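Chains as they are written, first to last, in numbering that gives the first Met the number 0: chain A, 0 to 363; chain B, 0 to 550; chain C, 0 to 360.
Treat each hint with caution, since some may be false.
[Unchecked claim] Cut-off 30 Å, straight-line C-alpha distance, at most; resulting in silico cross-link-like pairs (DSSO-like, lysine-lysine): (1) A:K92 x B:K457; (2) A:K127 x B:K537; (3) B:K371 x B:K273; (4) B:K377 x A:K9; (5) A:K173 x C:K358; (6) A:K173 x C:K350; (7) C:K341 x A:K180; (8) A:K327 x C:K180; (9) A:K284 x C:K180; (10) A:K127 x C:K358; (11) C:K225 x C:K358; (12) A:K173 x C:K340; (13) C:K340 x A:K284; (14) C:K341 x A:K284; (15) C:K210 x C:K225.
Calculated from the structure, these hints are not laboratory results. Note that the structure is a prediction, hence the values are computed from the model and not measured.
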Amino acid sequence: MTEIRLDGLKKRFGSDMAADGTDLTVESGEYLCILGPTGAGKTTLMRMICGLTEPDEGRVFFGDQDVTYLDTAERGATMLSQTYALFPNMRVKENVLFGSWIKGWPEEESQQLARNILSMMHMESRSKAYPDELSGGQQQRIALARALASGSRVLLLDEPLRALDARLRLELRKDLKGMVKAMGLTAIHVTHDQDEALEMADRIAVLRAGRIIQVGTPKEVFEDPKTPFVANFVGRSNMIQCRVVQSAEGKVVLENEGGLRMEAKDGGQPPGTEVLMAVKVGNTKISTKLPGYFEGRVEKILYEGATITAEVMVKGLGLVYSKLPNRKFDDFREGNTVSVNWSPEKARVFDIPEGGIEYEIRVD
Amino acid sequence: MSLIDRLDGASSKRRVKRFWLILVILIFLILIILPSIYVLFEAVSQWGSINEVVSDSGKMAVIWGAVGNSFSIAFIVTIIDIIVGIPMAWLMVRKNFPGKRFVDTLIDMPLAFPTAALGFSVAIFWGIPQGLDVPGLGIVVSPYVLVILLHLIFTYPYMVRTLSGILEQLDPNFETAGMTLGASRFTAVRTITLPLFRAGLVTGFILCFARSLSETGGTYIALNLIGKQSAFFTGPTFISDLKNQAGSEAAMPELILISVLLIVFALLMLFVAKLMMDKVKIPWSKVWPKFERRISRGLAVKMRNGLSSFFLALFIIIPSFFIFSFLLIEGPLPDMAGLFKAMGISFLVAGAATMFDIIFGIPMALYIARNKDKGLGKALDMLVNVPLIIPTTALGLSLYLFWSSASLPGLVLVILGHISFTYPLVVRNVIGAVEEVDPSYEEIAKTLGAKPFQAFRKVLLPVIQSSVLAGAILAFTRSLGETGATIAIDPTINTVPIYIVNLINKFRDLNNPDYVYQAAVASITLTAVCFVMMVAVKYVTRRKLGGRGHD
Amino acid sequence: MPHVRLENITMRFGDITAVRDIDLEIRNGEYVTILGPSGCGKTTLIKIVAGILRPTEGRLFVDGKDVTDVPLEDRDTGYVFQNIALFPHMTIRGNAEYGPKVHSLEGGEAEATAQEYLMLVDMLDKAGHFPRELSGGDQQKAALARALASGSRMLMLDEPLSALDARVRMELRYEIRRIVKRLGITVLHVTHDQEEAMSVSDRIILMRKGKIFETGTPLEMYRSPKSIFAAYFIGETNLMECTVESKRKEGGVILRLRNDVLVNVSKSKANVGDIAILSVRPEHVYTATDGLRAQVRDVVFMGTYWRVRTEAESQDYVDYNIPADSEVPETGEQVYLVFNKKASRVFKRPKEGLTEAIKLE
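Please take these sequences and the hints and turn them into a complete structure.
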């Protein structure tokens, strides 16, 4: 089983730094998700790992071996692309067997492996079909089968579910991870969809503008973001610009321009510092009865199914969002005055980012 | 390990990849590009004798006349092609009607005729052939007009196909978006589609222009049949005429001069066309809604389609087939043994050229298609067009001069010449095919363990093979029909077009219409062979019909 | 009078019937979403309403007038495409001015109108750029401005967010709704994403295989779906096969799951002895000291909650949620599950079987 290590990878395309000093370690058998907006450099990273693109600087290690300039065919890292790229002139079975055919494996073994994988996916009946006769979800499964049957220890998944309908994606997320784990492979799965990353990853690496900003388990990245970008990208947050008033017992008291006071977890900044506070919309609570940090008017209640989102206009602050379970839908009406509250340990405080707040919290 | 395995293994080594690329590029430069433009250098070294020709106003008048005719004819023909080609391309891409497949085949028909045969057809359909009793319209007296009518026939398919190709690739959503915003179809096309179309128009322009400039055999035959071969020249017929006469060595300065003029102006035109592609703006900010709305619908559309079809029938199809009316007359058959020997030579030349094109053209095409953003890729992309633009007769002469000190057999030189103008056809075709293929296929294959050559063989080649085959067949037919280059290099190499030209020369010298008949039959035979090849192309590249799920 | 009315609309392409017998009314200023899996006919339908396609059968009425035969360019409909389709050779400003210009607005007016709408979508500072220089989200905003600038009272959104990142989608869909509501425009929005449909629509129309399956407000469709497909497609739900065992005096039924397990739910119209399907959403499943016995297979962190996946005694897979800071059960642990009686729904078992009934492709 292989471990992968990326060491200071840099890659430039014209004026664009697709990779700007990327460091990453992937453990054997791990399912790692690289999460980031389009243009962050996710695909470039994958291509450098499997050898389709050469880095300008830096190294790629598979185990102890430096594979930075090793030919793609020798690396043993198989890619599953967004468009599946099933060979159009070959049938399903031939597609699945391509890897073993190329490597000249014994016929019997390859056939058996292909049969097993196809039956795992309930696709044996379609083994003679051509790719253009299959539906999107079926194509995705065959592309996966082809990768699994290739004998590679490492699987690189480049937004594998992107081309599918939303509802189908939900179904296939479970199947995809299950199969990869069943075969004991190491997987690097790239996506822009935080729900997908949260559900599937053992660990998440957040990527932006060619740099990895934070790596951690889904819980760590969600609850303990290291930058405002992560705080807003992995689970939407209310971002409030304010100043530290005082700190005590691990909590800070903050005040914004409009004079509203609130509390958060102490981030180590001394009183008087300008800071950016972030609290997840799911942790922002509203109530018609209990007191809170400040009050606002409910502008809109959006019904989202299992959850609802309330837009609350707070004087001296702006719009604050609160995400609640759907059973609360009947508790609030547009026009209600509500108090806004959260538990201080759930709110994080960050230094004002260098590039400015607006750029920091952009999601594209 | 078998040879293939060795090749597969070698292909992953960087040095091997680099070596192969350099080899292909060098072969291209030394065997194709350099010989094509060598005449320019020769002109400099023989400047003395050329200067003498320049000061001879009589000779210069003829030379300028020929060059002027070639370029003006090419220009007029291309403009007409654009005007009638756009509506036809539109019809073929955007509309469905009964018999569409039939019309589709008709449009390509002229490509199946060697231009020699077309020369016959046009002369007897439109013109007044001397000493021949064949039914025709006989309304065109001017050789200038006759040549234009001839050139229209074989350039028309190039224009329509190029325009159709671009139109097909354009996302119709852009136009639809325009219409949802309130623009009539005509306005939307003029302001949205046409600007996006621009590159295709220029490509079509260049292809047609170059094809017309190059044409020798058909023009030569047509002029001879109406008896104007000494009064009217195009660049290629001038060169052919001189080369045919005894003592052509003495006329070398003139040949060099006219070749240089043809090449220089052709390259200039290419340059100007590329410039136009980026600079000239089609007016789109002005809109005339009411008027454009009216011509988008109903009667106007029907008239437009009607006229396009009428043009296709009267000016393209009927004239093309007219040569077959020779079969209605009684006449002596040509020396069949000689004809078959000529066939053999034509096949040998075409076959050798095509083989070379495939072996060395595919790697070139692959490199260009995958490296269009790099300096070398862009340069090669431009260079590949050069042998396409240069009139084949001038190209042939240049090549002849290049190799003159290396006493190579005439056959080899002719093959080299044919390689030069067929190579770009194969390369362009393959580039087009590769560009449509998702590079992911090969890349994924590599991640599954395939070495570069393996990925090419097992994944890319099967997908583009029909395009490769089509390109090869087009190159083969083009070579079969070529007259000018063969004459310019070595008129003693008896390909079928040369065979035909010899018969026509006999007709002219001995004034015996029997020879015309024989030449016509030879042309028809050659046509039959080309027909078979074109049918093969159609079969191989037939499009898959319908069947996309509707949402 | 409804703004738009479809009467018996059918569309055939050769042998394939893309949509069949569609009857639909859309009120003035309403935001209607047509939701359904790929291939259900939703894009065909929106193209018919816009005028891009002529229906094979049926009539289309706008403001009471029959517009079925009116050509596309004379229809008063703004359209936003899935692949954006901004004219690549014009700047954003040029794109936005196109509509007014082809409507013969005088030069100055066209520019002013474009300016107004670009400001509305917050794209004024990028008006001089070309489409390829902008991000996906910005391009789509520009496309929206362009569609609105032509002055139509009707807007068609053809999967406008499908090509964008998940996070960008979330922000942009609220933006779009806010803008159209402010302008009082009638909107027909097509998507396959039920979360998107739920969060922006006044009314959802669920389509499947060319027909309208169900319609209702997001709340209605989520809380009281009339079919298993709707229950499955909109939101998530646990589906369990069962038979109706008996009815209770106080209302409510007892269902027998596989392996003879019994559960209690609220009333249902099914009769005793019927084969049925029980649908319970994960947020309506709770743990208790007694109930349906289940073994925890997997626990997944979803942000503000944990998703616990179990296999119940009845051989059904049942998922439920617990808040993010609760104690998380171990894999293999045994739990007891009870269902919210009122929120659970019982459906008659469909003729074609459960798998076919919820199939997405």
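Results for each hint:
no. : hint            : verdict
1   : A:K92 x B:K457  : holds, 15 Å
2   : A:K127 x B:K537 : holds, 28 Å
3   : B:K371 x B:K273 : holds, 16 Å
4   : B:K377 x A:K9   : holds, 27 Å
5   : A:K173 x C:K358 : holds, 16 Å
6   : A:K173 x C:K350 : holds, 28 Å
7   : C:K341 x A:K180 : violated, 38 Å
8   : A:K327 x C:K180 : holds, 25 Å
9   : A:K284 x C:K180 : holds, 27 Å
10  : A:K127 x C:K358 : holds, 23 Å
11  : C:K225 x C:K358 : holds, 17 Å
12  : A:K173 x C:K340 : holds, 28 Å
13  : C:K340 x A:K284 : holds, 27 Å
14  : C:K341 x A:K284 : holds, 26 Å
15  : C:K210 x C:K225 : holds, 15 Å
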